[in-house]
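Per full-length UniProt numbering, the sequence shown runs over residues 1 to 493.
There may be inaccurate statements among the hints.
Stated by the list, open to error - Dumping the calculated BS3-like pairs for lysine-lysine here, alpha-carbon to alpha-carbon at most 27 Å:
| no. | residue 1 | residue 2 |
| --- | --- | --- |
| 1 | K406 | K454 |
| 2 | K374 | K406 |
| 3 | K196 | K138 |
| 4 | K109 | K395 |
| 5 | K454 | K419 |
| 6 | K418 | K454 |
| 7 | K395 | K374 |
| 8 | K176 | K200 |
| 9 | K395 | K454 |
| 10 | K395 | K196 |
| 11 | K395 | K424 |
| 12 | K415 | K110 |
| 13 | K418 | K196 |
| 14 | K406 | K418 |
| 15 | K406 | K378 |
| 16 | K454 | K424 |
| 17 | K145 | K196 |
| 18 | K454 | K431 |
| 19 | K378 | K454 |
| 20 | K378 | K395 |
| 21 | K374 | K415 |
| 22 | K145 | K200 |
| 23 | K200 | K454 |
| 24 | K395 | K419 |
| 25 | K378 | K419 |
| 26 | K145 | K93 |
| 27 | K395 | K415 |
| 28 | K196 | K454 |
| 29 | K196 | K176 |
| 30 | K196 | K109 |
Since the hints were derived computationally from the structure, they do not count as laboratory data.
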Amino acid sequence: MSRQTPNLESSHDSSSNADSSQASGSESFKPSSSNGSQDVRLNNSVSLSFCSSNSVSSEANLDTNEAAFKRVFSPSKPHKGNDLRWDAIQSVKCSKNEDLGLGHFRLLKKLGCGDIGSVYLAELREMGCFFAMKVMDKGMLVGRKKLVRAQTEREILGLLDHPFLPTLYSHFETDKFSCLLMEFCSGGDLHILRQKQLGKHFSEQAARFYASEVLLALEYLHMMGVVYRDLKPENVMVREDGHIMLSDFDLSLQSFASPTLIQSTSQPSCDIASYCVQPSCIVDPSCRLPIACIQPSCFKPRFLNGKPRKANKTEKGGSDSLPMLIAEPTDARSMSFVGTHEYLAPEIIRGDGHGSSVDWWTFGIFLYELLTGKTPFKGNGNRETLFNVVGQPLKFPEGSISFAAKDLIRGLLAKDPKKRLGFKKGATEIKQHPFFNNVNWALIRSTNPPEIPKPIDLSILNETLKSSVQQQQEKHSQQSDSSSGLYLEFEFF
Numbered sequence: 001m002s003r004q005t006p007n008l009e010s011s012h013d014s015s016s017n018a019d020s021s022q023a024s025g026s027e028s029f030k031p032s033s034s035n036g037s038q039d040v041r042l043n044n045s046v047s048l049s050f051c052s053s054n055s056v057s058s059e060a061n062l063d064t065n066e067a068a069f070k071r072v073f074s075p076s077k078p079h080k081g082n083d084l085r086w087d088a089i090q091s092v093k094c095s096k097n098e099d100l101g102l103g104h105f106r107l108l109k110k111l112g113c114g115d116i117g118s119v120y121l122a123e124l125r126e127m128g129c130f131f132a133m134k135v136m137d138k139g140m141l142v143g144r145k146k147l148v149r150a151q152t153e154r155e156i157l158g159l160l161d162h163p164f165l166p167t168l169y170s171h172f173e174t175d176k177f178s179c180l181l182m183e184f185c186s187g188g189d190l191h192i193l194r195q196k197q198l199g200k201h202f203s204e205q206a207a208r209f210y211a212s213e214v215l216l217a218l219e220y221l222h223m224m225g226v227v228y229r230d231l232k233p234e235n236v237m238v239r240e241d242g243h244i245m246l247s248d249f250d251l252s253l254q255s256f257a258s259p260t261l262i263q264s265t266s267q268p269s270c271d272i273a274s275y276c277v278q279p280s281c282i283v284d285p286s287c288r289l290p291i292a293c294i295q296p297s298c299f300k301p302r303f304l305n306g307k308p309r310k311a312n313k314t315e316k317g318g319s320d321s322l323p324m325l326i327a328e329p330t331d332a333r334s335m336s337f338v339g340t341h342e343y344l345a346p347e348i349i350r351g352d353g354h355g356s357s358v359d360w361w362t363f364g365i366f367l368y369e370l371l372t373g374k375t376p377f378k379g380n381g382n383r384e385t386l387f388n389v390v391g392q393p394l395k396f397p398e399g400s401i402s403f404a405a406k407d408l409i410r411g412l413l414a415k416d417p418k419k420r421l422g423f424k425k426g427a428t429e430i431k432q433h434p435f436f437n438n439v440n441w442a443l444i445r446s447t448n449p450p451e452i453p454k455p456i457d458l459s460i461l462n463e464t465l466k467s468s469v470q471q472q473q474e475k476h477s478q479q480s481d482s483s484s485g486l487y488l489e490f491e492f493f
């Protein structure tokens with residue numbers, strides 16, 4: 001069951017609140033003939049693009065038009081430029097000489113629903129490619145004043161090109177529906193995956209892996225001027241290779257960011273260098289000490305390896321100093337009351353206005369939940385939860401959470417956003433925390449994930465679809481023209 005979201009709205013930015021309602025629609029579509037579909041087994045041998053390679057590379061089945069055989073590549077999206085799904089979409093357009101539309105897809109299963117739409121597993125007919133299709137009822141969007149949110153999400157998705165963020169392959173509309181075609185993640189989401197773990201929480205090693213990839217995704221979003229505002233395990237999808245992908249951008253805030261390169265200094269900043277991870281060093285809840293009184297056992301491995309050596313030119317702040325990228329949308333401000341109750345930052349609840357720092361608060365709640373299986377401020381009801389967020393101190397359950405993890409979470413969950421870790425230097429500041437020692441940020445995409453999702457057997461969906469068609473035929477026998485064939489409604493899924 002998804003967690004409730006606040007039911008308040010504000011007009012101070014392009015996003016409004018989220019609530020528990022979901023979209024529905026009555027427009028129908030033709031299902032594919034049962035004789036024309038084949039059972040499909042998706043396993044590790046299938047292309048990571050969820051597209052059967054022989055379906056898109058068999059030129060004999062396509063028009064002789066040379067354009068139909070030309071490989072599709074999107075220069076603006078190099079990370080996904082060689083994805084076979086681009087080929088499949090282009091092949092359909094060329095072979096049928098028409099724009100992509102709802103009729104080119106067979107909807108197999110409802111994957112989930114959100115505040116402004118529902119997501120379906122969709123198969124591109126005759127191509128063997130699978131997508132996640134978000135379907136939004138345009139009448140509902142207008143009636144509930146959610147149209148701007150839907151437009152914002154589409155605009156943001158169109159900007160993205162990152163290994164841990166979704167790709168928008170296409171979008172199209174019918175008279176009643178607006179559809180977004182995105183990547184299908186067969187591993188479900190982190191909330192479901194967490195529930196399957198021993199004790200319903202991840203090990204610290206696994207939590208560090210997922211948190212690292214989420215942090216890189218947030219860093220990219222901030223660099224693009226996007227404040228996410230809706231981080232939670234339910235919105236972190238797991239791809240078939242075990243890596244993650246953020247989803248749901250209808251609550252995001254668009255702003256402007258001016259990425260800045262600054263030279264590193266001769267000394268690490270106090271906020272980073274003075275973090276202490278040994279129990280003997282903890283003298284206050286923030287676990288921060290003046291640099292002068294830090295004992296050798298408390299030094300971070302990245303700053304001290306135990307062997308005396310001379311400072312090199314880089315450490316002295318010379319001309320070869322490594323640059324530091326600061327990419328925070330510092331001008332982003334909003335008064336909207338948006339998000340999930342357990343993940344709301346104090347400044348949102350107080351109505352003080354908020355900026356990109358709310359993403360670092362939610363990142364702290366997210367990491368806490370991965371490690372403990374619950375959020376830190378949850379009360380018996382929404383009102384008590386909000387009170388706890390603003391007025392109650394952070395507490396950790398007894399367990400094996402490391403001091404580095406606790407210290408990172410304390411820094412992220414500072415109730416004053418100006419004192420919050422990441423407020424000044426964004427993800428760059430957070431990545432330097434001891435919790436992320438030994439994380440190879442440049443090669444994290446090549447790191448083996450903690451868990452690989454089991455292959456999905458979609459063949460059973462064919463039998464389910466046939467049964468569904470038979471039931472719908474009886475239901476609509478008197479409403480459908482004999483010449484129009486059978487129609488299957490969105491609400492059925």
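Outcome of the hint check:
no., hint, verdict
1, K406 x K454, "violated, 32 Å"
2, K374 x K406, "holds, 15 Å"
3, K196 x K138, "violated, 37 Å"
4, K109 x K395, "violated, 41 Å"
5, K454 x K419, "violated, 42 Å"
6, K418 x K454, "violated, 43 Å"
7, K395 x K374, "holds, 12 Å"
8, K176 x K200, "violated, 41 Å"
9, K395 x K454, "violated, 36 Å"
10, K395 x K196, "holds, 25 Å"
11, K395 x K424, "holds, 25 Å"
12, K415 x K110, "violated, 39 Å"
13, K418 x K196, "violated, 37 Å"
14, K406 x K418, "holds, 20 Å"
15, K406 x K378, "holds, 18 Å"
16, K454 x K424, "violated, 41 Å"
17, K145 x K196, "violated, 38 Å"
18, K454 x K431, "violated, 31 Å"
19, K378 x K454, "violated, 32 Å"
20, K378 x K395, "holds, 12 Å"
21, K374 x K415, "holds, 19 Å"
22, K145 x K200, "violated, 38 Å"
23, K200 x K454, "holds, 19 Å"
24, K395 x K419, "holds, 18 Å"
25, K378 x K419, "holds, 23 Å"
26, K145 x K93, "violated, 33 Å"
27, K395 x K415, "holds, 14 Å"
28, K196 x K454, "holds, 13 Å"
29, K196 x K176, "violated, 39 Å"
30, K196 x K109, "holds, 22 Å"
The structure shown violates the earlier hints numbered 1, 3, 4, 5, 6, 8, 9, 12, 13, 16, 17, 18, 19, 22, 26 and 29.
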